[in-house]
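Q: Sequence:
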Amino acid sequence: MQFQLPIQIKSPEARITYRDKIMLTGSCFTEHIGNSLNELKFSTLQNPNGILFDPRSVCNSLVSYIENKQYKKEGLFYLNEIWNSWEHHSRFSNIDADEALNTINESQQQAYNFLKDTDWLIITLGSSFSYRLTSEFSKVSPFGGDLEGTGVANCHRAPSQWFNKHLLTIDETISLLDTTYHRLKQFNPKLKIIFTISPVRHIREGVIENNRSKARLIEAVHHMINKFPGLYYFPAYELVIDVLRDYRFYDIDMVHPNYPATEFVMEKFNESFIDEQSLQLMDEIKKIIIARKHKAFQPETNAHKVFLKTHLEKSKELQSKFTFLDFRNEIEYFSQ
Numbered sequence: 115m116q117f118q119l120p121i122q123i124k125s126p127e128a129r130i131t132y133r134d135k136i137m138l139t140g141s142c143f144t145e146h147i148g149n150s151l152n153e154l155k156f157s158t159l160q161n162p163n164g165i166l167f168d169p170r171s172v173c174n175s176l177v178s179y180i181e182n183k184q185y186k187k188e189g190l191f192y193l194n195e196i197w198n199s200w201e202h203h204s205r206f207s208n209i210d211a212d213e214a215l216n217t218i219n220e221s222q223q224q225a226y227n228f229l230k231d232t233d234w235l236i237i238t239l240g241s242s243f244s245y246r247l248t249s250e251f252s253k254v255s256p257f258g259g260d261l262e263g264t265g266v267a268n269c270h271r272a273p274s275q276w277f278n279k280h281l282l283t284i285d286e287t288i289s290l291l292d293t294t295y296h297r298l299k300q301f302n303p304k305l306k307i308i309f310t311i312s313p314v315r316h317i318r319e320g321v322i323e324n325n326r327s328k329a330r331l332i333e334a335v336h337h338m339i340n341k342f343p344g345l346y347y348f349p350a351y352e353l354v355i356d357v358l359r360d361y362r363f364y365d366i367d368m369v370h371p372n373y374p375a376t377e378f379v380m381e382k383f384n385e386s387f388i389d390e391q392s393l394q395l396m397d398e399i400k401k402i403i404i405a406r407k408h409k410a411f412q413p414e415t416n417a418h419k420v421f422l423k424t425h426l427e428k429s430k431e432l433q434s435k436f437t438f439l440d441f442r443n444e445i446e447y448f449s450q
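In this note's numbering, the protein residues as written are 115 to 450.
Quick caveat, the hints were computed from the structure, so don't treat them as lab data.
In this text, all values refer to a predicted model and were calculated from it rather than measured experimentally.
Hints may be right or wrong, so weigh each one.
[As the list claims (entries may be wrong)] Computed list of lysine-lysine pairs in BS3-like fashion (alpha-carbon distance at most 27 angstroms, straight line):
#: 1; residue 1: Lys401; residue 2: Lys430
#: 2; residue 1: Lys430; residue 2: Lys135
#: 3; residue 1: Lys419; residue 2: Lys401
#: 4; residue 1: Lys419; residue 2: Lys400
#: 5; residue 1: Lys419; residue 2: Lys435
#: 6; residue 1: Lys435; residue 2: Lys155
[Claimed, not checked] Listed next, with one range per pair, are the computed distances between beta-carbon atoms:
#: 7; residue 1: Lys279; residue 2: Arg406; range: 38 to 48 angstroms
#: 8; residue 1: Asp231; residue 2: Lys124; range: 18 to 28 angstroms
#: 9; residue 1: Ala128; residue 2: Asn416; range: 41 to 51 angstroms
#: 10; residue 1: Asp360; residue 2: Gly320; range: 17 to 27 angstroms
#: 11; residue 1: Ile322; residue 2: Ile445; range: 51 to 61 angstroms
#: 12; residue 1: Gly320; residue 2: Ala128; range: 40 to 50 angstroms
#: 13; residue 1: Gln412; residue 2: Gln184; range: 50 to 60 angstroms
All residues carry an ideal CB built from backbone N, CA and C; glycine is no exception.
Please model the entire structure based on the sequences and the hints provided.
A: Right, dumping it as structure tokens:
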């Protein structure tokens with residue numbers, strides 16, 4: 115008997131290999147994908163602005179990398195004794211404005227350098243809701259100016275009266291994605307793009323509003339995929355919502371997919387988007403990674419020494435065969 119609805123995932127003609135560079139941007143689910151690929155030694159750069167949720171923020175950040183935008187102190191604001199950027203996640207915030215700017219601009223430079231030679235861009239959109247500054251913020255801004263209507267990527271726990279909430283229409287999202295796509299292709303003609311929709315529920319907006327939000331993202335993304343070559347869709351959202359379909363695959367908050375769910379999604383991603391030779395290499399690397407995490411209860415035993423020697427030889431063999439990968443940490447660990 116069949117207890118799940120199958121999802122047909124369309125694979126690209128040429129799949130991801132270990133020689134490819136991969137940039138990832140978007141919601142927190144982006145980092146599940148990025149962390150998994152990075153641990154297995156793919157060349158990745160993820161979320162140079164930190165976690166971003168709505169299409170406006172994602173598209174603005176990508177354009178800023180293309181332009182190698184460098185931020186100035188006038189682009190920051192001071193709240194709760196910390197300097198913040200409306201375009202960046204709070205991990206870029208700092209009690210010192212110069213330190214915040216240095217961190218932001220170093221990330222911008224890194225993103226510019228990486229993106230111009232990137233093979234794959236994975237964009238994970240989380241929400242159609244966009245937050246925009248009201249005139250209330252301009253009244254308290256240390257640099258003055260009328261910023262009313264300016265979109266923000268992160269609200270930084272600022273007072274709610276500083277923002278208006280706007281549900282982006284499908285046409286607005288398509289316009290943002292379309293413009294950004296052309297800028298990206300002009301900047302890096304070889305770039306291929308994989309879109310995903312985050313399965314994380316944004317229940318702060320309400321269940322019904324969350325579903326409206328996700329539906330608009332799905333429609334806009336498929337409009338883009340049907341319109342342009344080199345664009346692909348990975349159904350992370352559908353795999354969790356329609357295939358797993360069970361709260362046991364969510365964390366205790368019933369919002370974020372848990373470890374088994376994210377592992378299931380990554381298995382499907384690897385099957386559909388990673389080429390066969392790289393999949394075989396991934397299996398070898400995964401064995402080394404698991405061994406590296408092993409904690410011996412009796413490290414002085416001969417058995418553990420044999421264990422270390424066996425994996426040291428395997429790490430050296432992989433390093434010699436695949437010189438473009440970095441096994442220095444593993445070789446150092448197993449050499450103890």
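Q: Output the indices of the hints that this structure fails to meet, ascending.
A: The structure conflicts with no hint, since it agrees with every one listed earlier.
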